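If you want the building blocks of each chain, they are given just below.
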Amino acid sequence: MTDIRRTIDAVWRIESAKLIAVLTRMVRDVGLAEEFAQDALVAALEHWPQTGLPDEPAAWLMTVGKRRALDHLRRQKLIDRKHEELGRELEYEQQSMIDHDFDTALEQEIDERQTANIDDDLLRLVFIACHPVLTSEAQVALTLKLLGGLSTDEISRAFLVSEPTIAQRIVRAKRILKEAQAPFELPHKEELRARLASVLAVLYLIFNEGYAATKGEDWMRPALCDEALRLGRILAELMPQEPEVHGLVALMEIQASRFHARTNAAGVPILLMDQDRSRWDKLLIQRGLAALKRVDTLGQGYGPYALQAAIASCHARAYRAELTDWTRISVLYDALAALSPSPIVELNRAVAVSMAFGPAQGLALVDELLHEPTLAKYHLLPSVRGDFLFKLGRFSEAQREFERAATLTQNTRERDLLLTRAHSCMDQHPVTLYS
Amino acid sequence: MRFMLIMIPKGYESATPDTLPDADAIATMMKYNEDLQKAGILLALEGLHPPAAGTRVSFGNGKPVVTDGPFAEAKESVGGYWIIQVKSKEEAIEWVKRCPAGANDTIEIRQIFEPADFSEDVQQAVEEFTERFEKSTETTPS
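Line by line, the protein sequences give chains B and P. Residues 1 to 435 (UniProt numbering) make up the first sequence, in order. Residues 1 to 142 (UniProt numbering) make up the second sequence, in order.
The set of hints was computed from the structure by calculation and includes no laboratory data. Hints are not guaranteed to be accurate.
Claimed, not checked - Output of the computed footprint for chain P on chain B, the stretches with three or more beta carbons under 8 Å from beta carbons of chain P: (1) 10-20; (2) 223-234.
What the hints assert, rightly or not - Dumping the calculated PhoX-like pairs for lysine-lysine here, alpha-carbon to alpha-carbon at most 25 Å: (3) P/Lys31 - P/Lys89; (4) B/Lys189 - P/Lys38; (5) B/Lys293 - P/Lys38; (6) P/Lys63 - P/Lys97; (7) B/Lys282 - B/Lys293; (8) P/Lys75 - P/Lys31; (9) B/Lys282 - P/Lys38; (10) P/Lys31 - B/Lys293; (11) B/Lys377 - B/Lys391; (12) B/Lys215 - P/Lys89; (13) P/Lys89 - B/Lys282; (14) B/Lys178 - B/Lys189; (15) B/Lys215 - B/Lys282; (16) P/Lys97 - P/Lys38.
Computed from a prediction, not measured in an experiment: that's the story for all the values here. Glycine residues also receive a C-beta, built at the ideal position from the N, C-alpha and C atoms.
With the sequences and hints as input, model every part of the structure.
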């Protein structure tokens, strides 16, 4: 026997986004729509434990939600008779819903679900939750609440902030959307790509928050990876023609495939090249490669996410670290550096180039970053540079770089490792002097 | 959580080797598969040839004995499976209830083991084994 409460939770998880999306189209206010959807949930929590689960729980919830929405529209009409258009729409809907009893309305709802295109409403909801008038924190919270069906408690546990803070953030976001009169529609062609970029950024932010979770933390944190992936896969079906959506999905699938290999049993992080590749999740790798293939099929080239996914796929394809195709990775980094240049991308490119063509070429690239202000306090710059110098036999310079990196890192384990490397440079000294 | 949903179609244990589901059944099932895909939870799915075209290797006395299908003693047989990623067993059940299965078909829901399901001791043991294994392969000339 399963608990009816847990069953209702499950139905809510499956249906809530669609419910909110359809209701938003009716009342044109995402905050109100969510309220009516919540009313439907409360009604279910009251009725279902007594009556048992209805045959069509989705249609049942939608019928209750729509009734609440229609009640609201009717009140609105009484308050403001100038809303002529709304009134006409209402009369039609009243005919179909309010005058009939619940069972008829339910039957009608079941029929409607066969033909209604809920996907469009769902996609509009994605874009409104990630609307540019909102801060990225608000976009994240709203996306998880409206599209993920997560409770404020779950979101607050996942982001290590108090529940009232999250609740307030969501209330505020909904108010801002209302004040900005953000339309419930798909962005126009010219702004679609830009708006889509911010949707993808929100999903990737959620994913990374989950990926950064460490052992022993609340399970809701790593669960964010699953949630971001699920939303990404949903978006990939809603916008199958957008290469970057598949690119992001591919990137997340491949990164998630390493989830269990990236730390040891004690929770200590293991670097990519040192991971036990037999522990990578082959099913997710396969899915990642398939998503990347969808990008190829669209034939529009790679955007930044697809490029990162392609880089990740080079690692995923190498079942032993030494089989990694570094030449291809460095070519992909060249493309990424050209498309979305950043000092971090340059640093990664330098590593790939050194692996493909030797440490001297890598060093040349890293030296160009020495005066980059954003990397001035970044420990990986001297750490990478030290590694190149070490490989080139320039041990005293390498030692200075490792020591400098050790003073910059916040992580004690990493500091120990860097100091060990610095120390090993001293041992190498005599060799260079006499050779 | 990952679940394998195992489809056990009525009478599949005695189906002839070349049995294929009819076109209508395939079409409705594809619509269902599409729903799973659109919900972002479907990881994989496959259909299996009838057991009449299969082979069993049984280890009665610890020694392998090979028998070709059909298997007279079988009361039911697997026809295919889905692998889904959901938040709870209840969610898996809700999805399975929506499957357009035929009368007397059965779908068994089984959770898939994940690394986190094992105790830390077991995880540690696996790690140590892999380390030893890797050391032993490192010394082997390639």
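To see whether the hints hold, each was checked on the structure:
Look at the segment 10-20 of chain B against chain P: 4 of its residues bring a Cβ nearer than 8 Å to a Cβ of that chain, three or more, so the hint holds. Counting residues of the segment 223-234 of chain B whose beta carbon lies closer than 8 Å to any beta carbon of chain P gives 8, which reaches the threshold of three, so the coverage claim holds. Taking the CA atoms of P/Lys31 and P/Lys89, the gap is near 23 Å; set against the 25 Å cutoff, the hint holds. At most 25 Å may separate the alpha-carbon atoms for a hinted pair to count; B/Lys189 and P/Lys38 meet this at roughly 24 Å.
A hinted pair counts as satisfied when its Cα atoms are at most 25 Å apart, and B/Lys293 with P/Lys38 qualifies at roughly 18 Å. A C-alpha spacing of about 41 Å is found between P/Lys63 and P/Lys97, which places the hinted pair above 25 Å, so the restraint is violated. A distance of roughly 16 Å separates the Cα atoms of B/Lys282 and B/Lys293; the hinted pair therefore holds under the 25 Å criterion. Taking the CA atoms of P/Lys75 and P/Lys31, the gap is about 29 Å. The hint is violated against a cut of 25 Å.
With a C-alpha separation of about 22 Å, the suggested pairing of B/Lys282 with P/Lys38 holds against the 25 Å cut-off. Distance hint between P/Lys31 and B/Lys293 is fulfilled; the C-alpha atoms sit about 23 Å from each other, no more than 25 Å. This hinted pair checks out: B/Lys377 and B/Lys391 have alpha carbons roughly 23 Å apart, not beyond 25 Å. Straight-line distance between C-alpha atoms of B/Lys215 and P/Lys89 comes to about 24 Å, which keeps the hinted pair within the 25 Å bound.
Distance hint between P/Lys89 and B/Lys282 is fulfilled; the C-alpha atoms sit about 23 Å from each other, no more than 25 Å. Annotation: proposed proximity of B/Lys178 to B/Lys189 holds, straight-line Cα distance about 23 Å (limit 25 Å). Only pairs whose Cα atoms come within 25 Å are accepted, and B/Lys215 paired with B/Lys282 is accepted, the gap being roughly 22 Å. Annotation: proposed proximity of P/Lys97 to P/Lys38 holds, straight-line Cα distance about 17 Å (limit 25 Å).
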